[in-house]
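*Asks:* For the record, the sequence lines run as chains A and B. For the first sequence, position 305 (counting from the first letter as 1) is numbered 305 according to my numbering, and the numbering increases by one without interruption. For any residue, its number in my numbering is found by taking its place in the second sequence, counting from 1, and adding 1000.
Hints were generated in silico from the structure; no laboratory data involved. Owing to the predicted nature of the structure, the values given are computational and were not obtained by experimental measurement. Be a bit skeptical, because a hint or two may be false.
Keeping only pairs whose Cα atoms sit at most 25 Å apart, straight-line, the calculated PhoX-like set for lysine-lysine is [claimed, not checked]:
hint	chain 1	residue 1	chain 2	residue 2
1	A	K144	A	K159
2	A	K289	B	K1298
3	A	K323	A	K214
4	A	K193	A	K238
5	A	K214	A	K110
6	A	K289	B	K1284
7	A	K98	A	K76
8	B	K1284	B	K1298
9	B	K1203	A	K289
Quick look at which bits of chain B chain A covers, simulated, 3 or more residues with Cβ under 8 Å [to be verified]:
hint	segment
10	1068-1075
11	1192-1201
12	1220-1228
13	1270-1280
Using N, Cα and C, we set each Cβ at its ideal position, and we do this for glycine too.
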Amino acid sequence: MITELQEAKRMAMKIQDPVETLLSIQDLHVWYELRRFGFSVVGHVKAVDNVSFDLAEGETVAVVGESGCGKSSLMKTILGLNNPTGGRVVFDGDDLSKLKGEGLRNYRFKIGYVQQDPYGALPPFMNVQKILEEPLIISGMTDKTERLSRIRKVMTEVKLHPIEDFLHKFPHMLSGGQQQRIVIARAMLREPKLIVADEPVSMLDASVRVEILKLMRALQESHGLSVIYITHDLSTVKYFSQRIFVMYAGNLIEKADTRRLLQNPLHPYTHALLAATSDPDAANAESFKEVPPGEPPSLVNPPKGCRFHPRCSRAMVGLCDEKEPVDFEPEPGHLVACWLYQP
Amino acid sequence: MNGASQLLEVKNLKLHFRTQTGIVQAVDGVDLELDFHRAVVILGESGCGKTSLSKAMLRLLPRNVASYDGKLFLKGKDIMAFSDEEYRQSVRWVGMSLVPQAAMNSLNPVLTVGDQVSEPAMLHLGVGKAEALGIVKKMFQHVGVPADFINRYPFELSGGMRQRVALAMALVTSPNLIILDEPTSALDLLTQANIMNVLKRIKHELGTSFILITHDIATSSELADEVAIMYAGQVVETGEAREFFPAPLHPYSQMLMASVPRLRSESDPMFITGQPPSLINPPKGCRFAARCPFRFEKCDEEPPLIQMGKRKVKCWLRQ
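Can you build the whole structure from these sequences, using the hints too?
*Replies:* Given below as C-alpha cells:
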C-alpha cells in the first residue's frame, strides 16, 4: 500500500513541473570560534560564508571544491550536526534551527549519509547485521522480523547477494566496494528523502568506482531521491548530477547545470579546476598544466573582495580586491560570483 | 647482454610473504625494463602488488619474506648479487631512491625540513652539513620550494609543499632513478597538477628516470613514457604510452581503461565484475581468466609475455 502511494507520488513528481523544493538554504553562515587559552574569542574560521541554494525533490547536485573550502562544514550543517551561525536551512518544510529533541531526530532520519572512507565509517566490532540493525532499533523499530526484512530489502537494493553470506561478516572481511555498499545500505535504511554523499568513491579503485556510482544513480532514480554529491573529482560529476556548485574558500562561486558548466565554465577558478583534470592521454606528458599560483586562503582572514583574486590572472585592480562579487547571471540559470560578468 | 643504455632491468622478480593463512605471492615473476631519462607508470588496483614491487626493487623487505628472487640489473650491474651492506651503500639513495606512499606525512615533526633533506646527502655523498644544505637549496629550487623553508618544520608547510620536500629528499643524492609510490593520491586537484608539473620539469632538467606507481590512470598519463599494467602480482602488459592509451591490448587493460570516467568525452564508463583473485593460491592459468569475457580453453595454462612490436602482453589472444 505504502509503496503504491510512493509510486504514485513519484509519478506525479515526474509530471509536475516545477517540482517541489526539498531543501532550501538561505544566507547560510557556519563560523567556528577561535579561542585563546579556551576563553576569549580571537576570531572566526569562516568555513561557510553566505551560501544560498535550493534543491528540488529528486534532484542531484554536486558540490565541487578542494579540501578546506568548506564542503564538509556545509554537509554537516545540512545533516544537522553543526549549528549554523547565521541563515536558514529549511528541509521538507522544517526549519532546522527550530528543531529540538525528537524533531531533530526525525529530521536526521530523513537524510542519509554516505561517508568517504567506508572502512572508517563501519564499526569494526559489529557484523553487517548489527551495523544495519542499529539505526532501526534507535529509530524505534522494535519488531525483529520487521527489522530483518527491512535489512534484506536494502541489501537487495545495493546488490549484496547472497544476503546470508554477508549478514555475519565483519567489515574487515569485505572488499572496499562491498564496504561502501554496506554504507549505502545503511544510509537507505530509513527511506530518506535526501542522501548526502561525501566523496563516496574517492577511496575506491577505478573499476569499483564506476560500479558504486552507477548503483547510487540507480537508487536515486528508482526512489526519486535527492542527492548532494560532494567531490573534488570533476570527471565523475557528469555521470551523476544535474547541477554543479563550485565552492571556493567558503563561498559558492558558480552554480549551473552540469553540461553547461562543463562546456562553458565562467569563473576563473572553475576554469583552473577543469584544466587541471586530465583524461588518460599520452599527449598530456608533453605539456605543462596551467595552475593558478598560490594556495587557497586562510578562512580566518580571507582576502578582501573576491577570495580568489590573489590567484586570479584576470583580477581587476580596484574592483576584485575591494568589493566582494555578487551572483551575476550571464546566461539563464548560470550563476557566477565574479566581477568579469558584471552586466 | 645489458647494454649501457639500459638503466634498470628486472627479470622474473618474485617476492612472496609468509602469513598465517598461507604464502602470499605479492610479486610473482615481474619483468620490466627502463632506459635513462624515461618514466614508466605501473598501474594496477589495490592489492595487485604494486607497492611490494617497489619494496622488492629497493630490497626493503619485511621479516615475513618467504622467497625473494629474480634478477635486478641497475646500469648493467647485477645488484641482486650485492650483499645487504653493498645494497645500502651503493643502490638505495645513490642508485635509486623512493618517495613512499603518504611521504608528506612521514616527515619527522621535530626536525626542520632542511635537516631531514640534507641527511641522505651527508650520509651517501660524504659531504659536510654546509655543503649538504647547499645541495638541498638547489633541489628545493628544482621542486619549487622557497629556499628559506629550510628552517621550517613540517607542520608549517601545506600538503603540497611537504610532498615537494619529500621529493627533494629523494633527489638530493642525484640518483638516476626515483620510485614514486602514489605521489599524488592524498592531494587536491590543483596541487596534484602542480606536483605532476614538478615531476615533468625534473625529468627535463635533471634527466631523472621515474617509476610511478599509481592507481590513478588519468593523472599517470601526465608523466608516462611507458606503461606497465599489473594484475594479481604479475605484469600483464607493457608498452609505450603513446601506443597503450589509445589501444590497450590485454582484456584487463582494456576494461580498466574503459572504467575511467572522462571529462572530455561522452563515453559511458564500464566496471569490471568480480574481484581480483587472492594472492594465496592464485588460479593456475591466466589470473584474469575468471573475469575475462574472452576466456577460452587455453586460458587454463599460464600465458607467456608475448612480444608485439615494442609492446608485450600476457594473453593467449595475442598469440
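*Asks:* For a C-alpha distance cap of 25 Å, please report whether K1284 (chain B) and K1298 (chain B) respect it.
*Replies:* 12 Å, holds
*Asks:* Is K289 (chain A) within 25 Å of K1298 (chain B), Cα to Cα?
*Replies:* 45 Å, violated
*Asks:* With a cut-off of 8 Å between beta carbons, are at least three residues of the segment 1068-1075 of chain B near chain A?
*Replies:* violated (count 0)
*Asks:* Between the alpha carbons of K289 (chain A) and K1284 (chain B), is the straight-line distance 25 Å or under?
*Replies:* Given pair K289 (chain A), K1284 (chain B) is violated - Cα atoms ~44 Å apart, limit 25 Å.
*Asks:* Are three or more residues of the segment 1220-1228 of chain B within 8 Å, CB to CB, of chain A?
*Replies:* holds (count 6)
*Asks:* Taking 8 Å as the Cβ threshold, is the statement that the segment 1192-1201 of chain B is covered by chain A upheld or broken by the three-residue rule?
*Replies:* Since three or more residues must qualify, the claim that chain A covers the segment 1192-1201 of chain B holds, with 7 doing so at under 8 Å.
*Asks:* Taking 25 Å as the top limit, are the C-alpha atoms of K193 (chain A) and K238 (chain A) close enough?
*Replies:* 22 Å, holds
*Asks:* Could you grab the alpha-carbon distance between K98 (chain A) and K76 (chain A) and see if it respects the 25 Å cut-off?
*Replies:* Answer holds: K98 (chain A) to K76 (chain A) is near 17 Å, not above 25 Å.
*Asks:* Are there three or more residues in the segment 1270-1280 of chain B whose C-beta lies within less than 8 Å of some C-beta in chain A?
*Replies:* The restraint on the segment 1270-1280 of chain B holds, since 4 of its residues have a Cβ under 8 Å from chain A and three suffice.
*Asks:* For the pair supplied as a hint, K323 (chain A) and K214 (chain A), is the alpha-carbon distance within the 25 Å limit?
*Replies:* Violated, because 43 Å separates the two Cα atoms, which is more than 25 Å.
*Asks:* Does K110 (chain A) sit within 25 Å of K214 (chain A), going by the straight-line distance between their CA atoms?
*Replies:* Roughly 22 Å between the alpha carbons, so the hint for K214 (chain A) and K110 (chain A) holds.
*Asks:* Regarding the pair K144 (chain A) and K159 (chain A), is the alpha-carbon distance no greater than 25 Å?
*Replies:* 22 Å, holds
In summary, the numbered hints that this structure violates are 2, 3, 6 and 10.
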